[in-house]
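Asker: Listed below, chain by chain, are the residues.
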Amino acid sequence: MPGQQQLQDIDMRDDTPLTGISAYDNEGYNATDEKERVRVLAGATETAASFQFDGEDHTLGNALRYMIMKNPDVEFCGYSIPHPSEDKMNLRIQTYDNVSVYDVLEKGLNDLMEMCDVVMDKFTIAREDFQAAMQQEA
Amino acid sequence: MPTPTQEELRRRKIVNITQETVENAASTDYPGHWPGENHAWDLDLFKENLEIQFHANEPNDLSFSLIGVDTSVANAFRRIMIAEIPTLAIETVFSTQNTSIIVDEVLSHRLGLIPLRGDRNALMNLKWYRRPDPDDPASAESPESQYFDYNVCRMALKAKCTWKEGGKQLAAKGETDPEKLYNNHTIYAKDLKFLPYGAQEQNWDPNDPLRAIHPDMLIVKMRPGQEIDMLMYCWKGVGADHAKFSPVATASYRLLPTIDILKPIIGADAKKFAKCFPRGVIDLKPVTAAEAMENPDLHGKEGENKAVVKNAFRDTVSRECLRHAEFKDKVKLGRVRDHFIFRVESTGQWDSDQLFLESVKLLKVKCEKMKRGLNGMMR
Chain D
1 MPGQQQLQDI DMRDDTPLTG ISAYDNEGYN ATDEKERVRV LAGATETAAS FQFDGEDHTL
61 GNALRYMIMK NPDVEFCGYS IPHPSEDKMN LRIQTYDNVS VYDVLEKGLN DLMEMCDVVM
121 DKFTIAREDF QAAMQQEA
Chain H
1 MPTPTQEELR RRKIVNITQE TVENAASTDY PGHWPGENHA WDLDLFKENL EIQFHANEPN
61 DLSFSLIGVD TSVANAFRRI MIAEIPTLAI ETVFSTQNTS IIVDEVLSHR LGLIPLRGDR
121 NALMNLKWYR RPDPDDPASA ESPESQYFDY NVCRMALKAK CTWKEGGKQL AAKGETDPEK
181 LYNNHTIYAK DLKFLPYGAQ EQNWDPNDPL RAIHPDMLIV KMRPGQEIDM LMYCWKGVGA
241 DHAKFSPVAT ASYRLLPTID ILKPIIGADA KKFAKCFPRG VIDLKPVTAA EAMENPDLHG
301 KEGENKAVVK NAFRDTVSRE CLRHAEFKDK VKLGRVRDHF IFRVESTGQW DSDQLFLESV
361 KLLKVKCEKM KRGLNGMMR
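Read top to bottom, the protein sequences are chains D and H. Residue numbers for the first sequence follow the numbering used here, so the first one is 1 and each next one is one higher. Residue numbers for the second sequence follow the numbering used here, so the first one is 1 and each next one is one higher.
Don't take each hint at face value.
As the list claims (entries may be wrong) - In silico BS3-like pairs for lysine-lysine, Cα to Cα no more than 30 Å straight-line:
id, chain 1, residue 1, chain 2, residue 2
1, H, K371, D, K122
2, H, K221, D, K122
3, H, K364, D, K88
Hints were generated in silico from the structure; no laboratory data involved.
Could you build all of it, start to finish, from the sequences and the hints given here?
Answerer: The structure is reproduced here in structure tokens:
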């Protein structure tokens with residue numbers, strides 16, 4: 001009878017205690033698909049290749065494109081999202097003679113990571129300075 | 001190797017804004033673009049040129065300038081803040097009783113949109129909820145098979161509307177104020193109660209329970225005899241999946257505006273010019289004797305008011321000044337391509353400044369993951 005029902009707790013299965021797993025994995029929402037999320041598309045050579053990234057979009061695509069274009073060994077770099085309903089991002093890299101596209105891609109990722117560290121440091125310092133200045137004013 | 005002059009560097013940095021068009025929008029600081037110039041990535045140079053200026057730093061309102069990064073990078077931070085930083089929100093609702101006028105699915109949706117807050121530490125330690133594996137018959141049968149105290153929080157909403165004592169008589173006399181007639185006729189977000197379970201009972205700060213950020217959000221109105229009794233499960237998600245998981249109300253940037261007055265604007269024109277901009281952008285200053293001597297356009301205008309740029313930061317770049325013939329060729333509007341004025345307004349689960357730091361961290365994590373994928377790839 002409606003109104004007479006009591007709130008029934010849903011039984012929850014006990015789980016084995018967490019050991020060895022970091023509490024906050026910080027791996028992003030698609031962390032389960034850790035398996036190959038990058039692949040080389042057909043027709044690649046050592047100096048020209050198209051990479052396909054699963055689950056990435058303009059966020060990484062454009063930033064990475066910028067970093068790779070900053071590399072003097074790169075003749076061309078561009079990215080595209082072939083279809084809006086497919087969760088894929090394509091990145092094309094062409095390099096000058098005797099430069100491996102794989103090395104260029106890896107350098108791009110490394111540079112981007114180093115840049116993130118610099119931004120984080122500067123932001124933290126600027127925030128501290130600002131807070132100190134605000135406290136002095138008050 | 002030729003090094004461009006400061007003037008040339010500034011010219012390259014400015015996006016021109018004309019009456020109908022935007023010019024020079026794309027950045028050109030790439031190797032090979034300018035003959036003989038080196039524009040290769042240089043971390044030390046980046047470190048030297050990067051500047052961050054704070055304008056305001058409140059938990060729900062952060063404003064700062066990020067100067068010296070490319071648009072693609074600033075945009076990546078903005079996009080991550082909106083769509084990829086996880087927050088906790090109500091995701092499944094078990095409705096035991098709902099005789100209110102809002103149907104179950106609509107009410108559930110409303111509940112999902114309520115922004116939540118609580119013990120920051122406990123929220124940080126909360127892990128991702130994984131949907132049951134459809135191939136595993138043991139876990140696939142029910143969504144709750146994956147509910148654990150480390151990835152899901154439980155909340156309850158239970159209320160029943162009744163007549164107040166003597167309410168019926170009052171109503172018969174023509175009283176219509178629900179406050180005088182009924183108990184529990186309005187249900188607010190503050191009526192959501194946190195039900196910690198398992199390890200949450202120890203780990204969650206009892207003084208900072210999971211609750212709605214804005215206690216006075218109206219969820220539903222009821223009348224006597226109506227009742228709701230709901231059990232809710234909240235878990236972590238990202239804005240890319242549903243906007244309710246987005247940690248920000250706003251995360252946006254604009255480019256620093258520039259106003260260059262090429263020829264002096266004097267007298268009544270100066271006043272009109274100042275009115276083309278928001279207050280505080282243009283100042284009026286009397287022409288000094290020295291200026292009147294030096295500049296042929298100012299001969300004999302000593303003491304008259306002249307328009308000067310006081311604070312371009314406050315300009316909204318409305319382009320109003322470009323519509324008037326008297327200012328033709330006297331003013332140039334632009335924006336600095338690498339000066340991003342960020343504005344971040346958190347919904348409250350995070351602090352705004354933390355959100356920006358988290359976005360930088362997440363971009364780095366993205367790169368790390370891709371690097372791992374690259375290393376595992378067959379070359």
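Asker: Hints first: check each against the structure and report whether it holds.
Answerer: Here is how each hint holds up against the structure:
1. H/K371 to D/K122: holds (25 Å)
2. H/K221 to D/K122: With a Cα-Cα distance of about 49 Å, the restraint between H/K221 and D/K122 is violated, given a limit of 30 Å.
3. H/K364 to D/K88: holds (19 Å)
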